[in-house]
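Trainee: Sequence:
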Amino acid sequence: MSVDIFQYLYEFVREVEQFDKSCFLQLNALHNDFFDGFMFWVTDKFVWIPLYISILYVIIKNKKRETLLISIGIILTIVFADQFASGICKPLFERLRPSHDSSIEFLVHTVRGDKGDLYGFISSHAANTFGLAMFTALLFKNAWYSCMIFMWAIVNSYSRIYLGVHFPIDVLFGAFSGVLIAWMFYALYLFLKKQLPQYRYSIHKTNKRTNVDYPQKDLRVVYLTMLTTLFFIVLFASKNIFAS
400 MSVDIFQYLY EFVREVEQFD KSCFLQLNAL HNDFFDGFMF WVTDKFVWIP
450 LYISILYVII KNKKRETLLI SIGIILTIVF ADQFASGICK PLFERLRPSH
500 DSSIEFLVHT VRGDKGDLYG FISSHAANTF GLAMFTALLF KNAWYSCMIF
550 MWAIVNSYSR IYLGVHFPID VLFGAFSGVL IAWMFYALYL FLKKQLPQYR
600 YSIHKTNKRT NVDYPQKDLR VVYLTMLTTL FFIVLFASKN IFAS
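Quick note, in this note's numbering, the sequence shown goes up one by one and the last residue is 643.
Quick caveat, the hints were computed from the structure, so don't treat them as lab data.
Mixed in with the good hints, there may be bad ones.
Below, in silico cross-link-like pairs of lysine-lysine (DSSO-like), each with a Cα-Cα straight-line distance of 30 Å or less [said to hold, decoys possible]:
id, residue 1, residue 2
1, K540, K463
2, K444, K593
3, K593, K540
4, K638, K616
5, K420, K540
6, K460, K444
7, K444, K638
8, K592, K540
9, K540, K514
10, K463, K616
When you get a sec, could you build the whole thing from the sequences and use the hints?
Mentor: What follows is the structure in structure tokens.
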């Protein structure tokens, strides 16, 4: 009986894996010169430094006393998400990236010949971006910001499929782990905020005036930074200033 169960599970996993590969090949095949450039720049973590700075600016302006605690929470979220993906899951499962999978690598479209490291499950890119998106969405509690930052995380994660370095399941599990880790560290932030005396009774004047921790007008800085960064990404992609 147990042998039958294990056989069924094995066959189920194989079917899921084949379906995952099929989905990947269909998504990865949807490419052109413009999106080669667009996804190449979107996936570059250094391109988004202005966005991170704008988020930090909003936190400092509205929660100056809590900035250190919040920053530690965000940093720990990203570090734990990254290490869980790259330090635990990838060496544990040893699932080859599509660009290194001999059964399909000749069909994989990559950009600038970048194939990534050997293993890809789970995606640390997806874990990191969704971790940041989830933590800050919980922090800001703003519908417009939440939509924007999760769309950013989705596009960033999809770029990994487009560039041929991750299967869809790599990205989905990476995103899920990032969200879960962010939720855990946000809960820890709330707990410490209640326990530590220097944060317990601190109410910033902005909160008194608007009854909102992070006013919409302050978050516009983040929106503007996002749009400006996307503008330059589109500009660079249009000019094809990279090697195809």
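Trainee: What's the verdict on K444 and K593, does the C-alpha distance respect the 30 Å limit or exceed it?
Mentor: violated (33 Å)
Trainee: Please work out if K593 and K540 have their alpha carbons no farther apart than 30 Å.
Mentor: holds (19 Å)
Trainee: For the pair we were handed, K463 and K616, check the Cα-Cα distance against 30 Å.
Mentor: With Cα atoms ~17 Å apart, K463 and K616 stay inside 30 Å; holds.
Trainee: CA of K540 to CA of K463, is that 30 Å or under?
Mentor: With a Cα-Cα distance of about 18 Å, the restraint between K540 and K463 holds, given a limit of 30 Å.
Trainee: Is it true that the CA of K420 sits at most 30 Å from the CA of K540?
Mentor: Measuring from Cα to Cα gives roughly 37 Å; hence the hint is violated.
Trainee: Tell me if the straight-line CA distance from K460 to K444 falls inside 30 Å.
Mentor: Roughly 25 Å between the alpha carbons, so the hint for K460 and K444 holds.
Trainee: Assess, step by step, whether the Cα of K638 is no farther than 30 Å from the Cα of K616, and give holds or violated.
Mentor: Distance of about 34 Å is beyond 30 Å: violated.
Trainee: Would you check the hint for K540 and K514, treating anything up to 30 Å between C-alpha atoms as holding?
Mentor: Distance ~38 Å between K540 and K514 Cα, so the pair is violated.
Trainee: Holds or violated: K592 and K540, Cα atoms, limit 30 Å.
Mentor: The hint holds at about 17 Å.
Trainee: Is the hinted pair K444 and K638 satisfied, with a Cα-Cα distance of at most 30 Å?
Mentor: holds (21 Å)
Checked against the numbered hints above, the structure breaks hints 2, 4, 5, 9 and satisfies the rest.
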